[in-house]
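*Asks:* Chain S is fixed; fit chain X onto it per the hints.
Chain by chain, the residues:
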Amino acid sequence: MGQTKTIICMILIITGIFFGDLIHAKTTHSQTDTQNDWAFDDEFDDDTNPPTTPGVWDPLEKLNRYTFKMNDKLYFWCIKPVAQTYKRFTPSPVRIGILNFFNNINMPQRAVNCMLQLRPKDTGKEIVSFVVNSTVGILGLTNPSKTYLHMESNAEDLGQTLGSYGVGNGFYIVLPFLGSSTLRDLTGSFGDNYLDPVNYIEDSYVMISVSAVRTVNKMSFRVGEYEKIKDMAFEPYSAVKDGYIQYRNKQIEK
Amino acid sequence: MKKFLTILFICFLLCVSSSASERHAMPVLKKSIDSVINMMKDKQKANTPETKAVQRKKIFNIGLELFDFDEMAQRTLGKDWKQLSNDQKKQFSHLFARFLANIYYQRLEEYTNETVKYLDERQYKNKSLVKTIIVTQKNEIPMDYKLIKSDRWRVYDISIEGVSLVRNYRTQFNKILIKQGIEDLMRMMQKKLGQFSDL
Chain S
0 MGQTKTIICM
10 ILIITGIFFG
20 DLIHAKTTHS
30 QTDTQNDWAF
40 DDEFDDDTNP
50 PTTPGVWDPL
60 EKLNRYTFKM
70 NDKLYFWCIK
80 PVAQTYKRFT
90 PSPVRIGILN
100 FFNNINMPQR
110 AVNCMLQLRP
120 KDTGKEIVSF
130 VVNSTVGILG
140 LTNPSKTYLH
150 MESNAEDLGQ
160 TLGSYGVGNG
170 FYIVLPFLGS
180 STLRDLTGSF
190 GDNYLDPVNY
200 IEDSYVMISV
210 SAVRTVNKMS
220 FRVGEYEKIK
230 DMAFEPYSAV
240 KDGYIQYRNK
250 QIEK
Chain X
0 MKKFLTILFI
10 CFLLCVSSSA
20 SERHAMPVLK
30 KSIDSVINMM
40 KDKQKANTPE
50 TKAVQRKKIF
60 NIGLELFDFD
70 EMAQRTLGKD
80 WKQLSNDQKK
90 QFSHLFARFL
100 ANIYYQRLEE
110 YTNETVKYLD
120 ERQYKNKSLV
130 KTIIVTQKNE
140 IPMDYKLIKS
150 DRWRVYDISI
160 EGVSLVRNYR
170 TQFNKILIKQ
180 GIEDLMRMMQ
190 KKLGQFSDL
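Note that the protein sequences, when read in sequence, are chains S and X.
Start counting the first sequence at 0; every next residue gets the next number (numbering that gives the first Met the number 0).
Start counting the second sequence at 0; every next residue gets the next number (numbering that gives the first Met the number 0).
Excised from the complex, chain S in its bound form (with noise of 0.2 Å):
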């Protein structure tokens, strides 16, 4: 019974992901005839950018913008009131540390990526700047590898990754808790969990805890954006939906 249930799970993904998209793209496509009298679109969009999809299939915009509320009072109630009281009380250096800790020992996920983009040279680097940040960086609590060796790390995901074979986003999800997703960053992500160390950590009570402390150090760092963002918008779920969906082509692009 639990095998046909993820064998059908397994479907409707596989065929959201590949025919999301043309359907999609069918519909944008009888959108774009009406629009191609745009005064205003020019050429130049299109020489310096290669095209971007015009926007993204929300088929579930009704269950989205209820999660999306959702999201937003647990912002102001839970998250932002945690994460500002963690800020006050731990010292910068000590988050910064925390923050290096992680980023490099999350340092699989973004080797395998870059393996699988068939980047060679960015694997190595990550391999690198992982061996000396564990070693001269103190367990990764400093970042020698970008100070000393200047090698920037690339924030890669199975999600780029899918999106580098030319796998269109699917449809947009907002998630509880997390946010912004599309089918395919999803299903990236459940493939990144596989790489995640933390997920390997036996004992369930600390693998919460270690995520737990992830999660509110790297918040600690964005209290305010999420403000902001709201604060420069008329329809906040459009604003973010459309900046998720601009930024991760552009990251994909890179």
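Simulated from the structure, these hints should not be mistaken for laboratory data.
Be careful, since some hints might not be right.
To be verified - Restraint ranges, calculated between C-beta atoms of paired labels, are given here:
1. X:Q136 to S:E226: 15 to 23 Å
2. X:T114 to S:D202: 31 to 39 Å
3. S:Y199 to X:K51: 47 to 55 Å
4. X:V134 to S:L148: 15 to 23 Å
5. X:T114 to S:E226: 47 to 55 Å
6. S:E201 to X:Q136: 34 to 42 Å
7. S:Q83 to X:I32: 29 to 37 Å
Just so it is clear, the structure is predicted and the values come from calculations on it, not from any experiment.
No residue lacks a Cβ here, since even glycine has one placed at the ideal position from N, Cα and C.
*Replies:* This is chain X only, laid out in the frame that chain S set:
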């Protein structure tokens, strides 16, 4: 007569030098950004409500020179722009300009010695794309400017980490225009602007 000739000659020189420097968009952009940054540095020294108001006005004036707000307004509305009456067009670009300038100023107020690196410029006909990076203490933020040349180079779109401002507002405005209408949208803008609509 001699005086007249000298004046003419000076005028000619000025024209030549300005057109030479305006062939490329990057120097124009750099000049405006530099003057804004210098102003923010001054602001850190003197900080009273009056100087702040003067600052805001000055920066808005630089903004008027640097940004092509009409072009931006047209692009953000896309095909809906044509459906507006002339009055609505005027009112919308007026509001949008003040809204953008206000956001710009709010972000500037957080200025803490960031520097701007100018990377690259690409030109195509009367348009130009200038790539820059803002270097903060924590990280580097890629910021691209798109400029269009009419009488001088003016910015019509900014992309921050790959997210185009014009495209982002276009998606939002489209949604609002479908559900409500231009009057509602302008009312929303007015409300957001609040006390700064007098710029």
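*Asks:* With reference to the structure, classify each hint as holding or not holding.
*Replies:* Cross-check of the supplied hints:
1. X:Q136 to S:E226: 15 to 23 Å: For E226 of chain S against Q136 of chain X, whose Cβ atoms are near 21 Å apart, the range 15 to 23 Å holds.
2. X:T114 to S:D202: 31 to 39 Å: Given about 46 Å between the Cβ atoms, the range is violated.
3. S:Y199 to X:K51: 47 to 55 Å: holds, 54 Å
4. X:V134 to S:L148: 15 to 23 Å: Given about 18 Å between the Cβ atoms, the range holds.
5. X:T114 to S:E226: 47 to 55 Å: Because 26 Å falls outside the window, the suggested range is violated.
6. S:E201 to X:Q136: 34 to 42 Å: holds, 39 Å
7. S:Q83 to X:I32: 29 to 37 Å: For Q83 of chain S and I32 of chain X the Cβ distance comes to about 33 Å; the hint holds.
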